[in-house]
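Participant: Letter by letter, the chains look like this.
2 protein chains.
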Amino acid sequence: MQILRERILTDGRILAGNILKVDSFMNHQIDPTLMKSIGEEFARRFASVKASRILTAETSGIAPALSTAMALEIPVVFARKHQPKTMVGNPFREKTESPTHGNQVELIVSPEYLKSTDRVLILDDFLSSARTIVALVKLIQQSGATLVGIGAVIEKTFAGGRASLQSLDVPIETLAQIERFDGDQIILSELN
Amino acid sequence: MQILRERILTDGRILAGNILKVDSFMNHQIDPTLMKSIGEEFARRFASVKASRILTAETSGIAPALSTAMALEIPVVFARKHQPKTMVGNPFREKTESPTHGNQVELIVSPEYLKSTDRVLILDDFLSSARTIVALVKLIQQSGATLVGIGAVIEKTFAGGRASLQSLDVPIETLAQIERFDGDQIILSELN
Chain V
1 MQILRERILT DGRILAGNIL KVDSFMNHQI DPTLMKSIGE EFARRFASVK
51 ASRILTAETS GIAPALSTAM ALEIPVVFAR KHQPKTMVGN PFREKTESPT
101 HGNQVELIVS PEYLKSTDRV LILDDFLSSA RTIVALVKLI QQSGATLVGI
151 GAVIEKTFAG GRASLQSLDV PIETLAQIER FDGDQIILSE LN
Chain W
1 MQILRERILT DGRILAGNIL KVDSFMNHQI DPTLMKSIGE EFARRFASVK
51 ASRILTAETS GIAPALSTAM ALEIPVVFAR KHQPKTMVGN PFREKTESPT
101 HGNQVELIVS PEYLKSTDRV LILDDFLSSA RTIVALVKLI QQSGATLVGI
151 GAVIEKTFAG GRASLQSLDV PIETLAQIER FDGDQIILSE LN
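First to last, the sequence lines map onto chains V and W.
Using our numbering, you'd call the opening residue of the first sequence number 1 and step up by one each time.
Using our numbering, you'd call the opening residue of the second sequence number 1 and step up by one each time.
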């Protein structure tokens, strides 16, 4: 996705630990015009999977997931990291590690909004180690719903997360792929 | 806003402690079509304040704030509750209490995305006690930016939060007002 690639090269910053900072348009400040285009692109790529719901994780997954949900006109559910007072009963829970904070977190979804009859599209901001996405997959498996696709705005191909998702046998779409960091240079893959 | 009022009456649930559960369309699952309409309505009501940025707080403020940002075509910044690895330097910080979890939280914004030249519109999911919104106002004051308006999707008029914002002398817009709970009945105000 060309406008995303250009934005990453212009505004992305490499921090210690191979962390890519895209806080100026996705993870702290959101560029709504870019985010709308991202949603439309995901909707186009996943049109054929006939998803009934989108599942993401708070916080940074919400913007691309909502934008895609607007384009596909299907509801989006964001897994919570803490059980709010409004979530009663026995929610689905999966432990994972927060890539932006480094601590253990739990992802929690109410069975009210993830049904065994659902066809679920997972969307997130990054596909890196894929730990968050794997936790979302396990939540879907708990619910008995069918996973139909996985999308992430930015993929760090060097982090190897995609390999751990291949056995799921669903389409995996990412809109920009980072091959490596070369000093303070971001090297994008030429794939798409 | 009639479609929001109808949705609250149909899907809203009253929980202990005067908590209104609207997890089916705003706080856990998001209805993207309704959320798009909410953003367009805020954009219409705040068109004249000439905002340059929207400020909200993670997590549940993000959807209405992003939707409004899409309609106004201005960036949205979401205050973080924990400082991520990507946020370096000395961010603006304000303590408040989480209405959905009941614990003390800190709202954190990077000075990179809140400038003294900004005209800032605050948006959130609820106007209840207004504690979160007051913390966002203080973040704006720290930055030297100008507050130009405050919007919330649902107002609990009985919680009195609006009174604590009146002295700020900016337009305050809410799209549905809950006057009281009568047993398991939600009583909306007739105002708008």
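Hints may be right or wrong, so weigh each one.
Taking CB as the label site, the calculated pair distances span [to be verified]:
| no. | chain 1 | residue 1 | chain 2 | residue 2 | range |
| --- | --- | --- | --- | --- | --- |
| 1 | V | 17 | W | 16 | 40 to 46 angstroms |
| 2 | W | 115 | V | 144 | 44 to 50 angstroms |
| 3 | V | 190 | W | 88 | 28 to 34 angstroms |
| 4 | W | 48 | V | 102 | 52 to 58 angstroms |
| 5 | W | 14 | V | 117 | 44 to 50 angstroms |
Treat the hints as calculated values from the structure; they're not laboratory data.
Keep in mind that this is a model prediction, so the values were computed, not measured.
Heads up, the beta-carbon is just placed ideally off N, CA and C, and yes, glycines get one too.
Participant: So, for every hint listed, does it hold in this structure?
Facilitator: Each hint, compared with the structure:
1. V:17 / W:16: 40 to 46 angstroms: 43 angstroms, holds
2. W:115 / V:144: 44 to 50 angstroms: With a Cβ separation near 49 angstroms, residue 115 (chain W) and residue 144 (chain V) satisfy 44 to 50 angstroms, so the hint holds.
3. V:190 / W:88: 28 to 34 angstroms: 31 angstroms, holds
4. W:48 / V:102: 52 to 58 angstroms: 44 angstroms, violated
5. W:14 / V:117: 44 to 50 angstroms: 28 angstroms, violated
When each numbered hint is compared with the structure, violations occur for hints 4 and 5.
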